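Engineer: Given chain X's structure and the hints, the job is docking chain H onto it.
Chain by chain, the residues run as shown.
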Amino acid sequence: MNLKQALIVAVTLSVVSIVAWEAYWRSQGKIPDLDDDKNLWAVQRAKAEGASTQDVVLLGSSRVLFDIQLNEWEKETGVRPIQLASAGASPLPTFHDIVNNTDFTGTVIVGVTPGLFFSTTFPEASPMSRAQNRVDYYEDRTYAQRLNHWLSLPLQKNLVFVSTSEEGWTDDIDLKSLLNRIDLGNRTGKPEFPPFYAFQYIEEDRNNPMSERTATDTVFANSIKKVWKAIITSNTNPPDKESTTKFFAADAEKFLKRGGNLILLRCPSSGWLKGGEDKFLPRAEFWDYLVKTTNAKAYYYEDYEQFKDLTCPEWSHLSAPDARYFTSELVKIMKADGALSNTKSN
Amino acid sequence: MLFNSLSFVVFLVIVLALYYSKLFNWTNKKRMLLFASYVFYGMWNPPLIILLWISTVVDWITGNKLSTEENQRKRKLWLLLSMFVNLGFLAFFKYRDFLLDNFTTVVNSYGYGYQTQPMDIILPMGISFYTFQTMSYTIDMYLKRTEKAKTFLDFALYVTFFPQLVAGPIVRAGELISQFYEEKRATINQFIWGLFLLTIGLFQKVVLADTLLSDTADSVFGSKSILHGLDAWVGTLAFSGQIFFDFAGYSTCAIGIALMLGIILPDNFRYPYAAIGFSDLWRRWHISLSTWLRDYLYIPLGGSKHGVVRMYSALMITMLLGGLWHGAAWTFVIWGALHGIYLVVERMLKGKIHIKINAFNGILLAFLTYTLVNFTWVFFRAREFSTAMNMITSMLFINGDGEKILQPFEIIKVLALITILFICHWMMRNTSMKAVSEKTSPWVLGIVWAFMFLLIAIAQGSGEQFIYFQF
Chain X
1 MNLKQALIVA VTLSVVSIVA WEAYWRSQGK IPDLDDDKNL WAVQRAKAEG
51 ASTQDVVLLG SSRVLFDIQL NEWEKETGVR PIQLASAGAS PLPTFHDIVN
101 NTDFTGTVIV GVTPGLFFST TFPEASPMSR AQNRVDYYED RTYAQRLNHW
151 LSLPLQKNLV FVSTSEEGWT DDIDLKSLLN RIDLGNRTGK PEFPPFYAFQ
201 YIEEDRNNPM SERTATDTVF ANSIKKVWKA IITSNTNPPD KESTTKFFAA
251 DAEKFLKRGG NLILLRCPSS GWLKGGEDKF LPRAEFWDYL VKTTNAKAYY
301 YEDYEQFKDL TCPEWSHLSA PDARYFTSEL VKIMKADGAL SNTKSN
Chain H
1 MLFNSLSFVV FLVIVLALYY SKLFNWTNKK RMLLFASYVF YGMWNPPLII
51 LLWISTVVDW ITGNKLSTEE NQRKRKLWLL LSMFVNLGFL AFFKYRDFLL
101 DNFTTVVNSY GYGYQTQPMD IILPMGISFY TFQTMSYTID MYLKRTEKAK
151 TFLDFALYVT FFPQLVAGPI VRAGELISQF YEEKRATINQ FIWGLFLLTI
201 GLFQKVVLAD TLLSDTADSV FGSKSILHGL DAWVGTLAFS GQIFFDFAGY
251 STCAIGIALM LGIILPDNFR YPYAAIGFSD LWRRWHISLS TWLRDYLYIP
301 LGGSKHGVVR MYSALMITML LGGLWHGAAW TFVIWGALHG IYLVVERMLK
351 GKIHIKINAF NGILLAFLTY TLVNFTWVFF RAREFSTAMN MITSMLFING
401 DGEKILQPFE IIKVLALITI LFICHWMMRN TSMKAVSEKT SPWVLGIVWA
451 FMFLLIAIAQ GSGEQFIYFQ F
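These protein sequence lines are chains X and H, in that order. If you read the first sequence in this note's numbering, its first letter stands for residue 1, the second for the next number, and so on. If you read the second sequence in this note's numbering, its first letter stands for residue 1, the second for the next number, and so on.
No false leads were mixed into what you were given.
Some chain X residues flagged as far from chain H (calculated, every beta-carbon gap over 10 Å):
hint	residue
1	75
2	79
3	125
4	256
5	272
6	304
7	306
8	329
30 Å max Cα-Cα, derived BS3-like pairs, lysine-lysine:
hint	chain 1	residue 1	chain 2	residue 2
9	H	404	X	176
10	H	434	X	4
11	X	176	H	224
Read the hints as simulated data drawn from the structure, not as lab findings. What you are looking at is a predicted structure, and each value in this text was computed from that prediction instead of being measured. Glycine included, C-beta positions come from ideal geometry on N, C-alpha and C.
Looking at chain X on its own, in the form it has when it is part of the complex (with noise of 0.2 Å):
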């Protein structure tokens, strides 16, 4: 056997069909994008470890990760923001995290979207596993992995074919979510998840703006407000107020107590989940709640002439340009309030 001859063509073949699938997803329209990962996340964590009083750490879920953009707060302040938001996770455990394993002193803006602050702090419960693992990845992750993100971004940066993702868009093209894709029927007799499609893009420091898409596409923003949908109404679980503002006044006061300035915000939500927002997890029994257990500073949109007219294309997020207008927007509100400077005016 000639093992050149075979290395030859496989080397040939290698290059040809990989080419090819590259061809073949840029034609789907597909762009090279990154993962949201926990690699990418630690990364940004770290960042907080040497952080300035002047410096900004923003913690919360989705709604922080895609309507505060990071330019507009940079361009406003001069300093930028490390977002260390994470999607469908509560806050609670960064918090804690920030507070007990790092001296930082500056602010930290905790975004509250009611659903999954008040959800629990039952540490098996995915809003709260969600942000933990991140945290203790950030802990553990070895050299190795460290190394295998560096080199990794270049080629996620430049490649559609190696664009996967730690969450498990219905739409990413490694081998695992294209076989996932194959439907036989549902002999579970469970009903099956709506398929929930990545509706933004995230940037190497963790800027995520909305995708154009879903801003202006209908039919694509219908189809992730059914994954909220479906997210909420399958969840059973009553939310748990009294142990979730407990846990988190607890880190509160140690993180006023040493200097920290706290910036509570609510975000907009719109239609459908606002309603749903308003019945279930009312301003007044929750937010206010929180606010005055707390003592921190606290923004609420709909307390804002500016705010009041932003609409989330899919009920949660603002579009990319909205997003922009509210940071920039907020921060002049921030400002003239004096909230940014890291005096003890809670």
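Structural biologist: Below, chain H without anything else, positioned relative to chain X:
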């Protein structure tokens, strides 16, 4: 560092470039390989390299003493020192919490309110592998079955050689150290064949184990419900495939990488799911461990030379400890016990029933063996004893009303893949990949190779750790 990671690709390219450059003489190439091996290990957790160093130094000193010492009592003391250090590390890092838990349970069963705080000590990657490897050197030195390593560098490289450091094959001193004495360069055919083996190993791990099988096994064994029989079987079959592809994949990568350096490592798997009976299985599955257990445990315990009772006892003890080697949990002990029972029963039946194996009854017996092996995998994979029992009752279709959690495509995918796996093992039973490849046209081999590479590239994966790293 994992073979299925970008950092390893860069690492391997640098090592190969330095190895084949004219910058170093052979001694410096070995120093470079040793340094690279420490980097390979240290990229995971640098302080734990100290354990490797201690193991290396203790066994080097012991080996030197055993090579010159004639006083039998002193020789035994040196051997005991080595075993105390090596097994001490293993006991402390791997079995401390397990022993403490069981001690607490026993003490508290007498009414004491004894409480312990688990230390949650990190388990050094591959500790069971390199501990057994260094111990084999010292025991062989004690028994005068091997020569003393010529230099400390050769010995340190034997303990730490990165391709097989963390998950084997567990190589004997005689098989590896002597290869370091003279300069090694892979021939062009060895290098290409090594690259081919590395591709196959990665294909087994990334595509077959992680992409096609792991999710099914995880969802079945992670379920808290009593499952439908079909789901339990499919989950177990998926795990049987996953663990084979994961572990055989690692060994194949290791053998391929070593071959690219001109170093030959022994086979660790020979199509085990085509085994006819359990003695045959253990000649085909994790061969380097099963021969280690045979030579350093089963035979010293008496083997087959001291009557039937002693032989069966030796078999059971060997398999129980073999189970415990895999993990500090009772489920692993039960896994070992089941294999011990299978081996004992097989030996009992062999004396009474004589079957001439042909193609027809052979495949049926192989299928029967594989089916029985699957029952043992349940205990190996289940984290809780209760989960294992629920799975077994479902697999025996005792739970008529079990929950269905797998979708039709998942079931078809697993059953198809496992059927292909079983047939391939059966067809390859008496041959080798090398022999088959020599009869294959280079075009066909090239196409298969490219196909595997493409699937690895599009599967990517998230760099899942190899299952056997935890052992």
